[in-house]
Each structure stands twice: as C-alpha cells, then as structure tokens.
Amino acid sequence: MSRLINDTLVVAERNLIRLPRSPDLLLAVTVQPVMFVLLFVYVFGGAINTPGYDDYKDFLLPGIVVQNIAFGGFLTALGLAEDMNKGLVDRFRSLPMARPAVLAGRTAADIVTNLFSIIVLLTTGLIIGFSFDASVVEILGGVLLLLVFGYAFSWVFALIGLLVSSPEAANSVGFIAVFPLTFISSAFVPVESMPSALQTVAEVNPFTVTVDAMRALWVGAPAGDAVWGAFAWSSVIFAVAAPLAVARYRRAASR
Amino acid sequence: MATPITASDPGHRESRAASSEPAISVSGLVKSFGDVRALDGIDFEVTPGTVLGLLGPNGAGKTTAVRVLTTLLRADAGSVRVAGLDAVRDATELRSQIGLAGQYAAVDENLTGHENLTMVGRLYGMRRREAKARGRELLGEFDLLEAADRPASTYSGGMRRRLDLAAALVAKPAVLFLDEPTTGLDPRSRLDLWATVEALVAVGTTVLLTTQYLDEADRLADRIAVIDRGRVIAAGSPDELKARVGGERLEVTLADGGASEAAIAALAQMSDEPPVAAGATIRLTVRRRGGALMDAVKRLGEAGLEVEDLELRRPTLDDVFLTLTGHAVEEVEKEQDA
Ligand SMILES: Nc1ncnc2c1ncn2[C@@H]1O[C@H](COP(=O)(O)OP(=O)(O)OP(=O)(O)O)[C@@H](O)[C@H]1O
Ligand SMILES: [Mg+2]
Numbered sequence: 001m002s003r004l005i006n007d008t009l010v011v012a013e014r015n016l017i018r019l020p021r022s023p024d025l026l027l028a029v030t031v032q033p034v035m036f037v038l039l040f041v042y043v044f045g046g047a048i049n050t051p052g053y054d055d056y057k058d059f060l061l062p063g064i065v066v067q068n069i070a071f072g073g074f075l076t077a078l079g080l081a082e083d084m085n086k087g088l089v090d091r092f093r094s095l096p097m098a099r100p101a102v103l104a105g106r107t108a109a110d111i112v113t114n115l116f117s118i119i120v121l122l123t124t125g126l127i128i129g130f131s132f133d134a135s136v137v138e139i140l141g142g143v144l145l146l147l148v149f150g151y152a153f154s155w156v157f158a159l160i161g162l163l164v165s166s167p168e169a170a171n172s173v174g175f176i177a178v179f180p181l182t183f184i185s186s187a188f189v190p191v192e193s194m195p196s197a198l199q200t201v202a203e204v205n206p207f208t209v210t211v212d213a214m215r216a217l218w219v220g221a222p223a224g225d226a227v228w229g230a231f232a233w234s235s236v237i238f239a240v241a242a243p244l245a246v247a248r249y250r251r252a253a254s255r
Numbered sequence: 001m002a003t004p005i006t007a008s009d010p011g012h013r014e015s016r017a018a019s020s021e022p023a024i025s026v027s028g029l030v031k032s033f034g035d036v037r038a039l040d041g042i043d044f045e046v047t048p049g050t051v052l053g054l055l056g057p058n059g060a061g062k063t064t065a066v067r068v069l070t071t072l073l074r075a076d077a078g079s080v081r082v083a084g085l086d087a088v089r090d091a092t093e094l095r096s097q098i099g100l101a102g103q104y105a106a107v108d109e110n111l112t113g114h115e116n117l118t119m120v121g122r123l124y125g126m127r128r129r130e131a132k133a134r135g136r137e138l139l140g141e142f143d144l145l146e147a148a149d150r151p152a153s154t155y156s157g158g159m160r161r162r163l164d165l166a167a168a169l170v171a172k173p174a175v176l177f178l179d180e181p182t183t184g185l186d187p188r189s190r191l192d193l194w195a196t197v198e199a200l201v202a203v204g205t206t207v208l209l210t211t212q213y214l215d216e217a218d219r220l221a222d223r224i225a226v227i228d229r230g231r232v233i234a235a236g237s238p239d240e241l242k243a244r245v246g247g248e249r250l251e252v253t254l255a256d257g258g259a260s261e262a263a264i265a266a267l268a269q270m271s272d273e274p275p276v277a278a279g280a281t282i283r284l285t286v287r288r289r290g291g292a293l294m295d296a297v298k299r300l301g302e303a304g305l306e307v308e309d310l311e312l313r314r315p316t317l318d319d320v321f322l323t324l325t326g327h328a329v330e331e332v333e334k335e336q337d338a
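Chains as they are written, first to last, in the working numbering: chain A, 1 to 255; chain S, 1 to 338.
No lab work stands behind these hints: they were computed from the structure. Model, not experiment: these values are computed from the prediction. Errors might be hidden in some of the hints.
[Unchecked claim] Between beta-carbon pairs, the in silico distance windows are:
{"hint": "1", "chain 1": "S", "residue 1": "R74", "chain 2": "A", "residue 2": "I111", "range": "44 to 52 Å"}
{"hint": "2", "chain 1": "S", "residue 1": "R129", "chain 2": "A", "residue 2": "R250", "range": "28 to 36 Å"}
{"hint": "3", "chain 1": "S", "residue 1": "R129", "chain 2": "A", "residue 2": "V112", "range": "21 to 29 Å"}
{"hint": "4", "chain 1": "S", "residue 1": "S156", "chain 2": "A", "residue 2": "V112", "range": "52 to 60 Å"}
{"hint": "5", "chain 1": "A", "residue 1": "I176", "chain 2": "S", "residue 2": "L191", "range": "26 to 34 Å"}
{"hint": "6", "chain 1": "S", "residue 1": "S156", "chain 2": "A", "residue 2": "I111", "range": "32 to 40 Å"}
{"hint": "7", "chain 1": "A", "residue 1": "F36", "chain 2": "S", "residue 2": "R129", "range": "23 to 31 Å"}
{"hint": "8", "chain 1": "A", "residue 1": "P180", "chain 2": "S", "residue 2": "E21", "range": "39 to 47 Å"}
{"hint": "9", "chain 1": "A", "residue 1": "P190", "chain 2": "S", "residue 2": "S156", "range": "56 to 64 Å"}
{"hint": "10", "chain 1": "A", "residue 1": "L4", "chain 2": "S", "residue 2": "V203", "range": "29 to 37 Å"}
{"hint": "11", "chain 1": "A", "residue 1": "P23", "chain 2": "S", "residue 2": "V36", "range": "35 to 43 Å"}
{"hint": "12", "chain 1": "A", "residue 1": "W228", "chain 2": "S", "residue 2": "G125", "range": "39 to 47 Å"}
Idealized CB from N, CA, C, for every residue including glycine.
Just need the whole structure built from these sequences, with the hints factored in.
Written out as structure tokens, the structure reads:
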C-alpha cells in the first residue's frame with residue numbers, strides 16, 4: 001500500500017513537472033477558461049434570461065466552472081495516449097512499481113491542475129462582478145464538490161485516452177463525448193428554456209445536478225437534493241469509469 | 001560512456017538464486033498474434049554473468065521474446081524464469097531484478113535527462129536523494145552530464161538511446177535486456193556501447209541482447225541463438241557458429257561476365273566448396289584469411305582474367321542464413337508475405 005502511494009506520487013509529480021513545459025497545455029488550463037467566462041458573460045449575457053438571478057454572471061459562474069473542471073481530465077486522456085504511443089508505458093511496466101500507479105498518478109495530477117483552474121476562474125469571476133451568497137463552509141464545500149467531480153471525470157478521460165490510438169484522437173473523441181453533455185444541462189441557460197426533448201436529457205444529466213448543487217452552495221439557489229445528488233453522481237461515474245480504465249490499461253499495455 | 005561502470009556489483013544478488021541455476025531459462029515459449037506465430041517453441045538458457053546474443057532478421061521474434069522475458073507480454077505457452085523467478089507468478093519481484101532498454105527509446109521528452117533517471121530510480125523504490133545521486137552518476141558514465149538539465153526533447157537520437165540505456169541500469173540490475181541496442185547509433189557510440197556492455201559483464205551482470213549484426217553478436221556474446229520465424233535454428237558459441245557458417249567471403253567482379261567459368265577454375269583451390277557465380281560476380285568462402293586477396297589476384301592474373309572489383313568480407317547475417325537455412329534473409333521475408 002505504501003508502495004502504491006509512493007509510486008502514485010512519483011507519477012503525479014512527473015506529470016505536473018511536464019505541464020509548464022507544454023505551452024499549448026498550459027494555455028488550455030489558464031487562458032482558455034478565462035476566455036470562456038468573458039465570452040459568455042459579455043456576448044450571451046444580455047440575451048439569456050435567467051429568472052431568479054439579478055445578474056447572468058451569478059447564474060453562469062457555477063456552470064462554467066463545472067464545465068471547465070469536467071474537461072480538466074483532458075490532460076489525462078492526452079497524457080496516457082502519448083505514454084502508450086511513445087513506449088513509456090512499457091518502461092513503467094518493466095519496473096517493479098505498483099501497477100495502478102500509472103493511472104492513479106496521472107489522475108491525481110489533475111486534482112492539482114483542477115484546483116489551479118478553480119482559482120483562476122473564481123478570480124476572473126470576482127473581478128468581473130460575480131458575488132457569492134454563501135458561508136465559507138459552503139464555498140469550500142463547492143470547491144470540494146468540484147474536485148470530486150473533476151476526479152471522477154479524469155477516469156472517464158483515462159478510459160478515452162486508453163481506448164484511442166493517438167493523442168489527436170483522444171482530443172477529438174473526448175471533445176465529442178463530453179462537450180454536448182455540458183451544453184445540454186443547466187450550465188449556461190435555464191433548462192426550462194430548452195425544447196422538451198432536450199429538457200428530458202438535461203434533467204437527468206449529471207452536469208445539471210452538479211451545476212444545481214454548485215448554485216445551491218455558492219449563490220444560494222434552492223438546494224433540493226442537488227448537493228447529495230451531485231456527490232452521488234460523481235461516485236457512480238468514478239465507480240464505473242475507474243475499473244474499466246484499469247482493465248483497459250492492463251489489456252492495452254500488454255499488446 | 002566508455003568509462004567502466006563503477007560500483008556496479010550485482011553479483012551478490014545472484015546468491016539469492018542457487019548459484020548453479022541459470023540467470024535466464026526459457027522453455028517451450030509460444031506466442032501468437034492472430035495468425036502470426038511470433039514465437040514458435042523457443043528454448044534457451046543463459047549462465048549468470050554471460051551474454052546471450054539473439055540474432056535474427058526483421059520479424060524473427062526477437063522483440064517478442066524480450067517482451068515476454070521482461071513480463072510485458074504473457075506467453076501463450078511455455079515457461080520463463082529470470083534470476084530464479086517465474087515471469088508470471090513472481091512478476092513484480094522479477095522486475096526488481098532486471099533492466100530493459102527496448103528497441104525504441106522510452107524516455108519522457110518533457111523531462112530532463114536527470115529527471116527521467118530520478119523518476120525511474122524512485123519507481124525502483126529508491127529514496128529521492130539516492131535516485132538523484134544515481135541519476136547523476138549514470139549521466140556521467142553515459143557522457144550526458146552537459147545535457148543533464150535539458151528536456152530530452154532536445155536530445156539527438158543517439159543521446160536518447162544512451163539515456164534509455166542509463167534508465168535500464170538505474171537499479172544495477174542482475175539481468176539486463178537490450179533490444180537492438182546499437183541500431184541507429186553512429187560507429188563511435190556503437191563502440192562505446194560495446195565497451196559499456198563488456199564492463200557490466202565484467203562485474204557479473206547477465207545480458208541478453210538482440211541484434212541483426214553478426215559482428216556485434218560475435219564481439220559481445222558468449223553464446224548466440226539464431227532465431228528465424230519464431231524458432232531457434234542454431235545455437236552455440238560464436239566460434240562454433242562461425243565454424244558452421246565458414247570463414248571470410250571473397251567476392252570477385254570480373255570485367256568480362258563471360259569469363260566466369262575460367263575464374264571459378266582459377267579460384268577453386270582457395271575454398272573447400274566450389275565457388276558460385278552470379279553474372280560477372282564470383283563468390284567463395286576462403287579457407288584462410290591471411291594472404292587471400294594477394295592469392296586471388298595472382299591466380300586470376302595467371303589465368304589472364306581482368307578484375308574489376310575484389311572484396312574480402314566477414315560473414316554477415318545473410319551468410320549465416322544462407323548456410324543454416326539454405327535461403328537468404330530476403331527470401332524468408334518474401335515467403336512470409338506470400
Ligand atoms: N503486437 C503485435 N500484433 C501483431 N503482430 C505482432 C505484434 N508484435 C509482433 N508481431 C509480429 O510478430 C512477428 C515477430 O515480431 P518481432 O517484433 O518480435 O520481430 P523482431 O525480430 O523484433 O523484428 P525487428 O528486427 O524488425 O525488430 C512479426 O511477424 C510481427 O509482425
Ligand atoms: Mg524487434
């Protein structure tokens with residue numbers, strides 16, 4: 001067990017060291033989220049009607065943070081696809097390390113970059129006029145939920161990265177699989193404003209539950225079961241994706 | 001890189017296995033990929049502290065054998081023991097005893113050379129400081145100190161291979177696997193690598209290396225196993241193998257292709273077997289290397305034959321195959337494609 005923790009930390013550290021050295025990835029976790037916030041607030045903000053919110057910013061920020069954190073796992077999909085391609089997985093597998101550490105370390109690194117993204121997004125939000133309607137405990141609870149949700153999605157992306165043959169494919173498959181889900185949710189517009197078929201999808205979409213939970217925690221929206229529901233969804237996503245990714249890793253790596 | 005490997009003393013590790021036990025023993029190994037039988041019943045043993053050369057052409061099954069031996073692949077049938085450990089049951093323990101440099105360098109291009117080696121050391125279970133120190137030491141031995149703190153993406157192909165080899169040596173493994181270690185190296189780096197392998201063997205490391213070059217196997221290996229289409233078709237010491245393959249090849253290109261009969265007659269006494277003609281080129285295996293060129297020139301001159309080119313060369317993998325299988329490497333591949 002201590003071996004697993006040690007090896008996971010070594011792999012996580014390695015993945016974090018690499019990040020600042022890939023300018024494109026660095027842009028993806030810093031400038032891109034900020035750009036999204038600004039575009040949505042200033043381009044769509046005036047056109048989207050959000051009953052119950054004085055300001056679209058207060059509606060948007062919890063949604064856009066959730067969307068960004070879901071995509072935080074992209075680094076895992078790209079990283080694993082690259083490691084498979086470049087033979088690094090062979091190097092790891094020839095070492096007496098704990099097997100799951102390659103995946104556990106890769107996804108653990110995402111927790112750090114996701115925390116960084118949350119800070120960047122919140123800072124941007126606060127600068128342009130977002131305001132919390134929450135206690136410190138609720139704010140921190142929201143951050144915790146984001147990290148848990150992001151971690152679960154890292155495993156979804158791990159599975160994607162292992163299923164495809166190249167980093168480029170990981171990029172497009174990941175995008176096509178996750179991007180629509182983030183939009184057919186309560187993240188950017190009220191669900192009630194969608195056509196009824198989409199409303200059905202949006203209501204069962206884990207993004208909607210998670211975004212609603214974030215609004216309950218950060219801007220005082222009525223909570224209902226959203227907060228517990230969101231943690232439950234994250235656990236389910238993790239419980240399904242992680243074993244599949246581990247099984248896929250075992251098979252893919254021994255080709 | 002030519003500096004001897006310091007402080008490497010894996011010898012003591014072998015004491016954990018009974019000293020009479022082979023460092024590597026493989027029996028009845030079979031591995032198929034779909035219809036392709038990459039390994040078709042391989043057997044061999046390697047005595048501790050010696051070098052086995054796996055010699056074979058493209059697609060012979062060399063890499064597959066190395067991957068099975070290093071636990072990256074599981075065989076369909078047969079058994080593998082390395083350092084006294086079973087490749088399936090004791091896989092993790094086995095991995096702590098081996099080092100692997102695969103056919104293609106497996107380094108993280110976004111990490112520096114030193115970070116790469118430190119990471120590998122820590123994954124072998126070393127503490128951070130120990131792993132860092134060992135990394136520095138190896139960078140020195142492999143002539144990479146100047147590039148130690150540069151990302152590996154800035155390394156040349158040869159530097160990457162050296163870094164990859166250094167990574168294989170981080171834990172001073174008792175058994176080292178090198179898959180075509182000199183392919184893609186310039187002549188100087190090749191000689192350096194040979195010296196490194198010899199230094200490792202001198203301190204007791206067991207080495208299995210694959211190669212397509214007979215001269216490399218000849219220089220480094222205590223024993224050679226020639227593999228072809230997943231089978232060992234010949235095995236023995238380099239001398240035994242060369243005795244079977246024969247000595248130096250003499251190749252004569254005549255100015256006049258029509259004179260080959262006369263040339264064969266003139267040269268016949270230099271070889272135990274009749275020379276072979278292909279157009280204007282005559283080939284024979286000479287009995288003695290010393291003086292062979294002079295002798296040939298004299299004989300051809302006396303027969304009044306004009307020579308365009310004359311070459312004495314050591315037997316190559318092609319010659320080994322031609323002798324052992326009766327067909328050349330190229331033909332094997334053509335048959336496989338058919
Ligand atoms: N993952 C794989 N899937 C399908 N076929 C494979 C796979 N790996 C190897 N093979 C096949 O098995 C045979 C042996 O391949 P292997 O890589 O072991 O040869 P090799 O001796 O290392 O050749 P080379 O000198 O080109 O490296 C080849 O016919 C190859 O096409
Ligand atoms: Mg090979």
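So, going through the hints one by one against the coordinates:
Remark: the range hint 44 to 52 Å for R74/S to I111/A is contradicted by a beta-carbon distance near 33 Å. Taking 28 to 36 Å as the suggested C-beta distance range, the pair R129/S and R250/A conforms, at roughly 33 Å. Checking the proposed 21 to 29 Å range against R129/S and V112/A shows it holds: the Cβ atoms sit about 23 Å from each other. A C-beta distance of roughly 33 Å is found between S156/S and V112/A, which places it outside the suggested range of 52 to 60 Å.
For the hinted restraint 26 to 34 Å between I176/A and L191/S, the CB-CB distance of approximately 52 Å leaves it violated. Look at S156/S against I111/A: about 36 Å separates their beta carbons, and that is inside 32 to 40 Å. In this structure, F36/A and R129/S break the distance hint of 23 to 31 Å, their C-beta atoms being roughly 43 Å apart. Evaluation of the 39 to 47 Å hint for P180/A and E21/S yields a failure: the beta carbon distance comes to about 60 Å.
The hinted range of 56 to 64 Å is satisfied by P190/A and S156/S, whose Cβ atoms lie roughly 58 Å apart. Between L4/A and V203/S the CB atoms are about 33 Å apart, so this pair conforms to the stated range of 29 to 37 Å. As the Cβ distance of P23/A to V36/S is approximately 42 Å, the hint placing it in 35 to 43 Å holds. Remark: the range hint 39 to 47 Å for W228/A to G125/S is upheld by a beta-carbon distance near 41 Å.
Consistency with the previously given hints fails for numbers 1, 4, 5, 7 and 8, ordered from lowest to highest.
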